[in-house]
Amino acid sequence: MAPPGNSLRVFPMSRYRIDASDLQFASEFLANPVGYHSPGLQRVLNRMRGAAWAYKYVLVIEERHARWRLGKMPAKRGSAIEIVEGVVYTDLIEAERDIFRRRWRDLTGQDIDHALFKAQTGN
Amino acid sequence: MLPIVAYTDKLTVAPGESLTVMAGSFGAREYRADLRRIIQGDTNPDGPGYRDEVVQLDLGGVRPAVRKGFHPGSCVIVPGRGMLAGLKDFTLAAVMQPTLLDGRERSVIALPGFARIGIDENDRVFAEAMGQRLVARSRIVAGHWHIVSLSFSTKEQHLILTVSNEDDAASEDLLPENVVAHAEVAVCSADEILIAATRGDDGRPTGFFDGKIDRPALFEAVMPHDVLRRLLADFTRLSRMRHLRAAWDFSRSMTTQTICDISPFQLHGKIHNAPARAMTGWIWRGQELDWKKRPDLYSAIHFHSTDVYDVAWEPDFTFVLPQDLKSGVYAVRLVPDGDEEASYYCVFALRPPRERPTGNTVAFLFPTCSYLAYANHRLGMDVPGTEIGMGRAVELDRHHMFLQTNPGIGFSVYETHDDGSGVFHTSRLRPIVDLQPKVKSFLGGFGSNVWQFNADTHILGWLDAIGQEYDVITDEDLHAEGLQLLSRYNVIITGTHPEYHTHNMIAALQGFTDRGGRLMYLGGNGFYWVVSFNEDMPGIMECRRSEAGIRPWEPGHGQFYHAFTGEYGGLWRRNGRPPNHLCGVGMTSQGFDICEPYYLMPAANNDRAAFIFEGVSTSDKIGDFGLAGGGAAGLEVDRADASQGTPAHALVLASSTRHTDIYLMTPEDLLDPTPDWSGTQAEIIRADLTFFETPGGGAVFSTGSIAWAGSMAWNRYDNEIAQITSNVLRRFNDPQAFTMPEASEKGR
Chain A
15 MAPPGNSLRV
25 FPMSRYRIDA
35 SDLQFASEFL
45 ANPVGYHSPG
55 LQRVLNRMRG
65 AAWAYKYVLV
75 IEERHARWRL
85 GKMPAKRGSA
95 IEIVEGVVYT
105 DLIEAERDIF
115 RRRWRDLTGQ
125 DIDHALFKAQ
135 TGN
Chain B
44 MLPIVAYTDK
54 LTVAPGESLT
64 VMAGSFGARE
74 YRADLRRIIQ
84 GDTNPDGPGY
94 RDEVVQLDLG
104 GVRPAVRKGF
114 HPGSCVIVPG
124 RGMLAGLKDF
134 TLAAVMQPTL
144 LDGRERSVIA
154 LPGFARIGID
164 ENDRVFAEAM
174 GQRLVARSRI
184 VAGHWHIVSL
194 SFSTKEQHLI
204 LTVSNEDDAA
214 SEDLLPENVV
224 AHAEVAVCSA
234 DEILIAATRG
244 DDGRPTGFFD
254 GKIDRPALFE
264 AVMPHDVLRR
274 LLADFTRLSR
284 MRHLRAAWDF
294 SRSMTTQTIC
304 DISPFQLHGK
314 IHNAPARAMT
324 GWIWRGQELD
334 WKKRPDLYSA
344 IHFHSTDVYD
354 VAWEPDFTFV
364 LPQDLKSGVY
374 AVRLVPDGDE
384 EASYYCVFAL
394 RPPRERPTGN
404 TVAFLFPTCS
414 YLAYANHRLG
424 MDVPGTEIGM
434 GRAVELDRHH
444 MFLQTNPGIG
454 FSVYETHDDG
464 SGVFHTSRLR
474 PIVDLQPKVK
484 SFLGGFGSNV
494 WQFNADTHIL
504 GWLDAIGQEY
514 DVITDEDLHA
524 EGLQLLSRYN
534 VIITGTHPEY
544 HTHNMIAALQ
554 GFTDRGGRLM
564 YLGGNGFYWV
574 VSFNEDMPGI
584 MECRRSEAGI
594 RPWEPGHGQF
604 YHAFTGEYGG
614 LWRRNGRPPN
624 HLCGVGMTSQ
634 GFDICEPYYL
644 MPAANNDRAA
654 FIFEGVSTSD
664 KIGDFGLAGG
674 GAAGLEVDRA
684 DASQGTPAHA
694 LVLASSTRHT
704 DIYLMTPEDL
714 LDPTPDWSGT
724 QAEIIRADLT
734 FFETPGGGAV
744 FSTGSIAWAG
754 SMAWNRYDNE
764 IAQITSNVLR
774 RFNDPQAFTM
784 PEASEKGR
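Residue numbers (this note's numbering), protein chains in the order written: chain A, 15 to 137; chain B, 44 to 791.
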């Protein structure tokens with residue numbers, strides 16, 4: 015409970031569920047990960063980047079402006095940040111695409127590239 | 044990670060004065076130190092390049108790096124002064140409202156080694172005395188007021204623990220729970236009383252309580268619970284009660300560290316690690332909202348196991364700043380184990396001499412209040428939505444990894460304590476790991492992603508690039524010396540995000556421009572929040588985010604007035620000093636992904652602004668480049684608004700005309716939320732480049748954008764944004780008075 019007279023911060027939990035109808039927004043993101051997005055893509059990103067801590071990927075800097083490791087941020091303050099072994103980025107845009115693909119898989123169980131290919135070819 | 048971190052005893056020091064360095068090892072075995080002037084701290088390969096210069100000053104050779112650690116947690120410590128030895132019959136009591144029960148044992152009030160009341164790991168109140176431990180049967184509830192007491196009767200030879208839940212229905216009689224145990228008489232060995240903690244085996248306070256405590260008291264008699272309850276509710280009667288040994292009214296000496304005993308024994312104490320005072324107490328029911336008018340309603344202190352004021356590390360070394368060293372931003376650089384890459388920078392300002400002007404007519408106002416507000420902030424780590432605001436993944440630099448591992452370093456005023464309540468206090472008497480050059484941040488936009496101090500080095504680098512001599516003065520200097528200090532200068536230049544100001548500071552800046560001074564506000568979301576210093580606690584700052592503003596928490600009902608000064612907390616625009624009045628623009632929106640150019644407005648052709656665009660060849664847009672999000676307008680942006688105090692004759696020279704939909708409306712203007720208040724839709728979301736003269740011959744130039752300086756630094760400071768800024772500086776540094784436009788000119 016929120017103690018009276020003390021303010022507890024409330025984080026919005028997303029009710030949005032990503033499904034196949036969002037594939038168009040996945041294409042949009044992969045083409046241009048940073049910058050202007052359609053309202054539909056923004057809603058997908060809000061779901062991925064919001065309060066659901068299970069999907070809180072972070073970029074751990076190994077060398078500023080040059081090299082990043084993929085990490086997973088724990089929900090509890092002071093807990094260890096988990097480093098995802100074997101994942102190294104040398105380009106922030108590519109890192110964004112990779113994190114998007116991981117989150118798509120986490121949230122839908124689908125491989126985004128496969129889903130896009132299937133949607134385009136009907137196979 | 045950081046193998047060594049450190050802090051200095053001051054963030055501002057004058058030539059000839061001494062500075063003391065406190066360093067703590069987090070893996071380093073030894074270190075050496077040197078002194079450096081910081082010129083440009085951003086390491087972005089697309090930027091002008093990192094630059095500092097070493098100062099030839101011997102700071103000693105290699106020193107051992109000593110592990111010192113952090114010891115957060117606040118409490119009250121009352122020295123017994125030999126007055127507790129004779130206790131026989133007694134009652135120890137307090138009113139308390141726990142706000143965090145998380146399976147850890149906590150102390151409410153303790154005479155260490157003799158008697159103690161606390162909450163155990165199962166959320167049950169317990170008491171210890173005479174070798175006995177009494178535990179209440181019922182669990183207590185966070186957020187409820189309870190009265191707890193422990194009595195001992197020598198005649199009956201029993202201990203009584205009593206707990207009552209004060210949040211029961213008011214019309215019902217309370218049903219306190221009693222726990223009784225037989226005990227033998229013991230001599231009181233304690234010579235101190237701790238409130239909200241007890242004394243650990245290592246001699247430090249421990250067992251910290253999270254929550255509020257109100258009117259703790261000690262009697263030399265057994266007090267029936269109903270009598271105790273009536274007495275605690277009335278400080279006047281309580282102070283005359285002849286069995287009273289001590290009772291602490293936390294509303295006395297509210298603005299200090301002192302805790303006052305209202306008994307005739309005057310067993311006064313002191314707070315440790317700056318818990319929040321001026322907090323609503325047990326009998327507050329909304330009768331008054333200002334503690335100054337009814338301090339008796341604000342007799343609670345909110346303690347946190349995460350509070351930090353002064354980490355009180357042993358000094359490593361002290362040195363004197365040379366008399367001939369020019370004013371500037373410097374750092375004591377500590378190189379651990381010969382590893383320059385792992386160096387830690389203790390940044391400070393070398394201000395001009397106190398009694399003698401340097402002759403420099405330009406000063407950079409080093410925004411220590413804003414650095415303190417953000418000190419060790421964890422926005423990208425604690426707040427999930429930060430990534431939405433950034434429009435990309437959070438980057439964690441080495442200092443962030445250090446913060447994650449060491450939350451005991453203390454928080455910024457952007458965090459909440461572990462109980463969810465807002466952090467009101469931030470201190471410079473601890474390492475501030477984000478007050479360093481080179482470090483990346485969360486909010487600096489796609490590109491350099493630097494924030495506050497490191498972003499401000501884009502301005503320092505520009506001053507160096509154009510060969511401009513300047514002094515550096517800090518917010519603390521301005522607070523202490525006011526207009527007398529500013530009067531040395533023609534021009535004051537701000538940082539990129541001077542968001543936090545005390546009343547003294549904002550009044551001095553207003554007085555400066557009123558009297559002919561020239562202000563270059565090269566940032567965004569400036570002059571936004573009210574903050575206060577404490578005369579009894581140097582180095583700490585208070586911020587209560589009342590009512591509105593983009594804010595990470597609220598101070599809680601009835602707790603909107605600062606404890607340090609009694610000022611009403613919140614936005615300066617709600618306190619009679621809107622930023623628009625001082626600098627023509629005020630906060631309108633924020634987004635931390637990408638930035639935009641400004642488009643010239645018709646006022647850019649006004650003769651009054653001709654000096655600003657001299658030599659600038661552009662058709663319609665400026666600043667379509669930059670290290671912060673790729674444009675000069677963005678991150679946090681301000682708009683001109685006559686309704687908020689923008690002078691009628693101010694010229695809006697250029698404006699950004701769209702932003703991404705991450706940029707949303709500030710809550711103080713978003714009275715009725717509808718989905719059209721976003722960057723691609725709402726014209727009100729823009730940065731306004733603004734200029735105006737003052738009747739006293741002064742002038743103000745405001746960029747209304749944090750990203751501006753990131754564009755100044757583009758192409759090694761060779762671009763139209765840097766040119767415009769240089770043009771303004773040149774004219775502003777010319778003592779010839781500006782003249783107000785004729786009435787017919789106004790508003791054009």
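Among the hints, erroneous ones may be present.
Taking CB as the label site, the calculated pair distances span [what the hints assert, rightly or not]:
#1 P400/B <-> F25/A: 32 to 42 Å
#2 A523/B <-> R57/A: 28 to 38 Å
#3 D712/B <-> G54/A: 24 to 34 Å
#4 R57/A <-> P400/B: 56 to 66 Å
Below, simulated DSSO-like cross-link-like pairs (lysine-lysine); rule was C-alpha separation at most 27 Å, straight line [said to hold, decoys possible]:
#5 K313/B <-> K53/B
#6 K481/B <-> K111/B
#7 K86/A <-> K481/B
#8 K131/B <-> K53/B
#9 K53/B <-> K369/B
#10 K90/A <-> K111/B
To be clear, the hints were calculated from the coordinates, so they are not data collected in a lab.
In this text the structure is predicted, and so the values were computed from the model without any measurement.
Glycine included, each C-beta is placed from N, C-alpha and C at the ideal position.
How the hints compare with the structure:
1. P400/B <-> F25/A: 32 to 42 Å: With a Cβ separation near 51 Å, P400/B and F25/A fall outside 32 to 42 Å, so the hint is violated.
2. A523/B <-> R57/A: 28 to 38 Å: At roughly 50 Å between Cβ atoms, R57/A and A523/B fall outside 28 to 38 Å, so the hint is violated.
3. D712/B <-> G54/A: 24 to 34 Å: holds, 27 Å
4. R57/A <-> P400/B: 56 to 66 Å: holds, 58 Å
5. K313/B <-> K53/B: The given pair, whose Cα atoms are some 23 Å apart, holds under the 27 Å limit.
6. K481/B <-> K111/B: Holds, at roughly 25 Å.
7. K86/A <-> K481/B: holds, 24 Å
8. K131/B <-> K53/B: Distance ~48 Å between K131/B and K53/B Cα, so the pair is violated.
9. K53/B <-> K369/B: The hint holds at about 18 Å.
10. K90/A <-> K111/B: holds, 25 Å
Checked against the numbered hints above, the structure breaks hints 1, 2 and 8 and satisfies the rest.
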